[in-house]
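J.: What follows is the residue order along each chain.
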Amino acid sequence: MDFRDTSAEAAFRDEVRTWLSENLVGEFAALGGRGGPADERGWDTRIEWERTLGRDRWVGMSWPEEYGGRNLNFSQQVIFNEEYAKANAPARISFFGEGLFAPTLIAYGTHEQKSRFLPKIQSVDELWCQGYSEPDAGSDLSNVATRAVRDGDEWVINGQKVWTTLAHRAQWCFVVARTEAGSTGHKGLSYLLVPMDQPGVEIRPLRQMTGSAEFNEVYFSDARTSADLVLGEVGDGWAVAMATLGFERGTAFMSQQLAFQRELREIIEVAQGNGRSKEATTRQDLADSYIGVQIMKYNGMRMLTDLVSRGVIGPSSSIGKLFWSNWHRTLGERAMDVLGTDALLVASEGNGEYELEDFHQIFMSSRAETIYAGASEIQRNIIGERVLGLPREPR
Amino acid sequence: MNFAFSEEQDQLRDVVRRFMEEKSSEEEVRRLMDTEVGYDPNVWAQMANELGLQSLHIPEEFGGQGFSFVELAIVFEEQGRRLLCSPYFATVALATNAILNAGTSDEKAALLPGIASGETIATLAFTEPNGRWDADGITMVAREDGGSWVLDGTKMFVIDGNNADLIVVAARTAGTSGEAGISFFTVAGDAKGLTRTALATMDQTRKQSKLEFAGVKATPLGAAGQGWSALSKTLDQAAVCLSNEMAGGAQFVLDMSVEYAKVRVQFGRPIGSFQAIKHKCADMLLEVESAKSAAYYSAWAAGEDNEELPVVASLSKAYCSDAYFHATAENIQIHGGIGFTWEHPAHLYFKRAKSSEILLGDATYHRELLAQRIGI
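Taken in sequence, the protein lines are chains A and B.
Okay, so the first sequence: first residue is 1 according to full-length UniProt numbering, each after it adds one.
Okay, so the second sequence: first residue is 1 according to full-length UniProt numbering, each after it adds one.
Just so you know, the hints here were simulated from the structure itself, not pulled from any lab data.
Some hints here could point you the wrong way.
[What the hints assert, rightly or not] Distance condition first, Cα-Cα at most 30 Å in a straight line; then the derived DSBU-like pairs of lysine-lysine:
hint, chain 1, residue 1, chain 2, residue 2
1, A, Lys86, A, Lys120
2, B, Lys192, B, Lys262
3, A, Lys86, A, Lys278
4, A, Lys278, B, Lys233
5, B, Lys192, B, Lys108
6, B, Lys262, B, Lys108
7, B, Lys217, B, Lys192
8, B, Lys262, A, Lys187
9, A, Lys278, B, Lys192
[Unchecked claim] The calculated label-pair distances, taken between Cβ atoms and stated as ranges, are:
hint, chain 1, residue 1, chain 2, residue 2, range
10, A, Glu279, B, Phe267, 30 to 38 Å
11, A, Asp56, B, Glu307, 42 to 50 Å
12, B, Glu307, A, Pro394, 50 to 58 Å
13, A, Ser139, B, Val263, 44 to 52 Å
14, A, Asp56, B, Met1, 22 to 30 Å
Note that the Cβ used here is the ideal one computed from N, Cα and C, for glycine as well.
Construct all of the structure, not just a fragment, from the sequences and the given hints.
T.: Here it is in structure tokens:
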């Protein structure tokens, strides 16, 4: 047990710091670390920044070298993310492509598929979105009704996806669709890669409670994709889709606590400024949030150690998702408590506008976090059944 | 970065786990908790002679083995699983650390070998009838009388106070307040003028005493009036030990709940298949794993003796206290009626969790302390 960097880790950390100090300058530095993959503020500059990262292979840093990656191990990825957060670098855009699709592609894709898609993800020429949820397939994801049928060299896709983050920005969508007519549940699904820029794809923005519209509904009406753009075997899409969810709940949160720490610090500063930090209940709340974010760090380090020694993260990643999403939701509520009557006011509203300051953004956007990527209730089922071995729900 | 126990540490855990399973069965816990001394001297001797547990983190020059708080944490976690009834916490977590932090080299050489060998049972007497865990709570006055120090006053909630051969006492010189003027003394358990009364404890597995000092002659330990930093550090280290003990107990009751939820059938199926029970267990696991992370990390910080210790000790004590109590309370609920009976062990853990939560300051106290320590 030792929480210091090894000499190799320290050298790598230096390399990352140096790169950031040389490249995170000017308008890139001015962006700050706010926002997330579902946040379009400063979009064009963030795309440019992301391309700068990609140029020096910091996008795709974990990929094998033959696909342009740096083949970095888990510890190095976490170190990069730590330094990235400490440097207050811009929120990443390529989460769905680099963070979710690429690891799935590396695990299940053919050489041709990897060669076709990975370079464009790295160069940030192609963005991806995730075609999973449907109106009747939320927590019960296997209930997808979107159908795909073969027509010569192509798949023809019909159906509706929802909560599709950044669909209006993406060039490609990874779609879970039913390819076996009459099948139900986990069986008969396939994982299709579908181009977004075609007549059969219609995107309608979904405005959220925050006032902005990063989510979309996506309608497929005889949309087409090439027959070879199936990831994994036809009919085996459920396993591929679950692998993606594993990445979604996996390593990403390990460095997320650094951004959370910054938010907590800002809330503490406001409490100290308006005198709330002298009140016993506020002090209890802030100390409790501090404990939570530190424990997130400790849990992350324990999980990383496991990951390094065993190579897989497994269902215990559900603990991380459940922990951080609940912690962040509570932080948002506490931010409102600290603001007091200032919580009654937003940046601007009316005439179709509704714009939030940072604390309100946390307060509201965190309500989605306990729902997306597997709702808290689903995470508890996973923990109960796959970690603790409790009997399954009757289904 | 590496957040894993070493192979040697895992081996230590295996040995201690087997020992605790054998020597601290539920039956044995129930037998001992009903006695006044509350521990088995034979087991105490075996812990010292066969496993060397009392000497674990005492430096070799004072008769110990020179291991760190990480090894100590493993021992406490394993004891916590089995509710070991023993003056181990008082002797090792409290008295030994106080002597290590406050004592001169000569004093350590005089006091520690006896503890390391298991001959001496020791404790730390600092809490008073006011029930406070901070510097202001210490009101007992030490006065100089004809070249020797004399103590008058009452210490309360002294863990294993009746069992201790050696009592480390925190007192203050007249006219001082707060963190200034606090000194350590040592007093023999059978000292003249000392009246020891066993208290009726809610948690029967850990004995406590009231110690009344009437002109008790005491030997100074460390520099006079300079004791607070050593005491504060001792309390932090003890909080780390207790956090690990609580994490062990919390894991044990979670396992108990999960096993029961798999076999107890109602409405034609195991109750663990119902989300109402499954989700409770999932939340318990999250808290137990988090408690372990905090407890282990704090043990590492204590072992490194780095500047993080005060913050992580309070963090760990606050979190583990809440997590342990919550786990033991849910354990009763999941067991239903049987969990409320005397014959079921659930109440033993429930009571141990509550007493551990209160000892050294409860979660509310430590969150406030943490707020101060991180500059809020």
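J.: Hints first: check each against the structure and report whether it holds.
T.: How the hints compare with the structure:
With a C-alpha separation of about 28 Å, the suggested pair lysine 86 (chain A) and lysine 120 (chain A) falls inside the 30 Å cut-off, and the hint holds. Under the criterion of a C-alpha separation no larger than 30 Å, the hint pairing lysine 192 (chain B) with lysine 262 (chain B) is inconsistent with the structure, at around 57 Å. Simply put, lysine 86 (chain A) and lysine 278 (chain A) have alpha-carbon atoms about 29 Å apart, close enough for the 30 Å limit, and the pair holds. For the suggested pair lysine 278 (chain A) and lysine 233 (chain B), the alpha carbons sit about 26 Å apart, so the restraint of at most 30 Å is met.
Distance restraint check for lysine 192 (chain B) and lysine 108 (chain B): the Cα-Cα separation of roughly 24 Å lies within the 30 Å cut-off, and the hinted pair is therefore satisfied. Our distance criterion of 30 Å between C-alpha atoms is broken by lysine 262 (chain B) and lysine 108 (chain B), whose separation comes to about 52 Å. For the hint pairing lysine 217 (chain B) with lysine 192 (chain B), the CA-to-CA distance comes to about 8 Å; that is within 30 Å, so the pair holds. With a C-alpha separation of about 29 Å, the suggested pair lysine 262 (chain B) and lysine 187 (chain A) falls inside the 30 Å cut-off, and the hint holds.
For a cut-off of 30 Å, the pair hint linking lysine 278 (chain A) to lysine 192 (chain B) is broken: about 47 Å separates their Cα positions. Between glutamate 279 (chain A) and phenylalanine 267 (chain B) the beta carbon distance is about 47 Å. The supplied range of 30 to 38 Å is therefore violated. At about 36 Å, the beta-carbon gap between aspartate 56 (chain A) and glutamate 307 (chain B) misses the expected band of 42 to 50 Å. Checked against the given bound of 50 to 58 Å, the beta carbons of glutamate 307 (chain B) and proline 394 (chain A), roughly 54 Å apart, stay inside it.
At roughly 28 Å, the beta carbons of serine 139 (chain A) and valine 263 (chain B) sit outside the given window of 44 to 52 Å. A beta carbon spacing of about 24 Å between aspartate 56 (chain A) and methionine 1 (chain B) agrees with the range 22 to 30 Å that was offered as a hint.
Taken one by one, the earlier hints fail for this structure at numbers 2, 6, 9, 10, 11 and 13, listed in ascending order.
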